[in-house]
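Trainee: Protein chains in written order, with our numbering: chain P, 1 to 333; chain X, 1001 to 1333.
None of these hints come from the bench; they were simulated from the model.
We treat Cβ as the ideally placed atom computed from N, Cα and C, and that holds for glycine.
Check the hints yourself; a few may be wrong.
In silico lysine to any residue, SDA-like type, Cα no more than 25 Å apart, as pairs [unchecked claim]:
1. X:K1317 with P:G176
2. P:K244 with P:L201
3. P:K317 with X:E1274
4. X:K1317 with P:K317
5. P:K317 with X:R1038
6. X:K1090 with X:Y1264
7. P:K317 with X:S1270
Which residues of chain X face chain P? A partial, calculated answer using Cβ under 10 Å [unchecked claim]:
8. E1052
9. A1229
10. E1274
11. R1279
12. A1289
13. L1293
14. S1304
15. A1311
16. P1320
17. Y1321
18. L1328
2 protein chains.
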Amino acid sequence: MVSTSSTTGKVGGRRRSTASVPDLVSRAREGDPRAVARLISLVEDASPLLREVMAALAPYTGHAQIVGITGSPGVGKSTSTSALVSELRKHGKRVGVLAVDPSSPFSGGALLGDRVRMQDHALDRDVYIRSMASRGHLGGLAWTTPQALRVLDAAGCDVILIETVGVGQSEVEIAGLADTTMVLLAPGMGDGIQAAKAGILEIGDLYVVNKADRDGADQVRRDLRSMLALADRSEGAWKPPIVKTVAQRSEGLDEVVEQIDQHYAWLRSSGELEKRRTRRARDEIEAIAVTALRERWGDVHGRSELDDLAASVAAGKSDPYAAADELLDAFTD
Amino acid sequence: MVSTSSTTGKVGGRRRSTASVPDLVSRAREGDPRAVARLISLVEDASPLLREVMAALAPYTGHAQIVGITGSPGVGKSTSTSALVSELRKHGKRVGVLAVDPSSPFSGGALLGDRVRMQDHALDRDVYIRSMASRGHLGGLAWTTPQALRVLDAAGCDVILIETVGVGQSEVEIAGLADTTMVLLAPGMGDGIQAAKAGILEIGDLYVVNKADRDGADQVRRDLRSMLALADRSEGAWKPPIVKTVAQRSEGLDEVVEQIDQHYAWLRSSGELEKRRTRRARDEIEAIAVTALRERWGDVHGRSELDDLAASVAAGKSDPYAAADELLDAFTD
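Just chain P, same shape as in the assembly:
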């Protein structure tokens, strides 16, 4: 059990002011960006206070529409995200942005040079932007992102954009986290093959062909349309629209916002929103429970039972199934 609710920062860094969790939460709810930042830092640091923070936030969650933005490097994700933020602001929405860097656990990830574009919105108090680079710590995206989303949601964001870098596994994870997944493509990038390979044709709720002023944009749209036509969709299912944009000149973003709104309306009326959110909560609960168990397994009876079992399996004296049984038995006793 956690006995203190002080949120004092770490020794060594700049010492942060002490504030109670209820105080931080109420300041975040009033839109204080420093309180939001502090709460997300508690998430990234896997603070023991998280438990208290999440309990305090729970009643205020469920309001924000979560939009995942994904696509191959070079399609213009950052520019599109920035332009989309501007468009959403025109509609009076409060916007949160989580830029997620799925870097390897080793490289640490600092290749987000064009994150600076986001500085356009730096002075807007109704836009909250956060770059999350802490992959690997306790499960990466799977662990920290849902909790950071809860913070932004409770802080009153109407729309939260999650932007991911790169291709592959991270896109699939994003699709699991978002209410609406927006897949970006651009002409001249061999996206046809890339798209099929990464499976992004199965996760998009909305496709955006960016750089639509370039040669080949119509071809990308045609290819996309014929590939999407092959999908086996049931009656009443959402048909992902394809929108053309030139994000650099903010062209087509009104249409993107319109389609995001329509998708949200469909999610609500079809019952899909509740289904997606329940599934997401399920994954989150499981991840927390599994992490709690791993911590206990690592330190049973003062020493690590799991280490002993692992040594025995490594030596061929036991097999992993028998060892897993022993581990579970030791825990449920």
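Given chain P, work out where chain X should sit, using these hints.
Mentor: The following block gives chain X in isolation, referenced to the frame of chain P:
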């Protein structure tokens, strides 16, 4: 509990002959490739017999050196793997090859066209080659690969090569599974940036500059050497060598085998082998225990307790930590 140990294949497919697990294991130990294939299929299908299979194999494991082979697409991984198999055969080694396709859970993964090169070894009974494409099923690589390795190890392979396709996360996973990780590079592929990005400079025990007859091979070696020189290695630590090869003409493979041998000798003498294997067993036990728990959580008291908890969190009535506590309490009662 499993009450039968028949290994009859699925209805619908070609009906396989029924064989008991002990029978299959003893045939695999004698080098019968069909028995090995059948055991790996049991792994891929997550057969309920796995528990019995792994118990029967355990006493025969720990003999094989596991070599991970990784690198960006186009560096010549398949050709190098094939040439390395030939070289290892010259040294009288029994060789296993697991070709792992880290495809997305959606696309299913069938881009392994050049796997046919492996056909060179198809008639050699001391070479066992298997392509594993079943990502996502129950945790992908993390779940099936260690068990397939156990099968090949118990079947008497001296060296098992794991070849992975693509870059990124899968390389890190491979490094966790292998005793020796071999990173392939080639000139003219922008590997400098790629390498740093994917973090492969931190996982290699051995670096191979393939296509060394091409322009720029020496430059790749020089870049690599200066980057490796920056690494902070403790006294007695392994210094990853850099070997040049032309795999297509089988040049330099003798040196690769020599370095793989030296690394294995160092692993043994330094105690690092035991450490790596214990860590691997630990991960494997955890994965099995967690999967067992997830199955139980999904179906407590005849209906899914976890689903109810998830619905309550999604509705903002509870938070994920409180729900995880409830889940663990329900389980330990």
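Trainee: For every hint, state whether the structure bears it out.
Mentor: Structure-based check of all given hints:
1. X:K1317 with P:G176: Roughly 21 Å separates the two Cα atoms, so the pair holds.
2. P:K244 with P:L201: Holds, at about 17 Å.
3. P:K317 with X:E1274: holds (14 Å)
4. X:K1317 with P:K317: violated (48 Å)
5. P:K317 with X:R1038: holds (24 Å)
6. X:K1090 with X:Y1264: holds (18 Å)
7. P:K317 with X:S1270: holds (22 Å)
8. E1052: holds (9 Å)
9. A1229: violated (17 Å)
10. E1274: Since the shortest Cβ distance to chain P is 7 Å, the answer is holds.
11. R1279: holds (7 Å)
12. A1289: holds (4 Å)
13. L1293: holds (7 Å)
14. S1304: Nearest chain P Cβ about 9 Å off; hint holds.
15. A1311: Holds: closest Cβ of chain P sits about 5 Å from A1311 of chain X, inside 10 Å.
16. P1320: holds (5 Å)
17. Y1321: holds (4 Å)
18. L1328: Since the shortest Cβ distance to chain P is 6 Å, the answer is holds.
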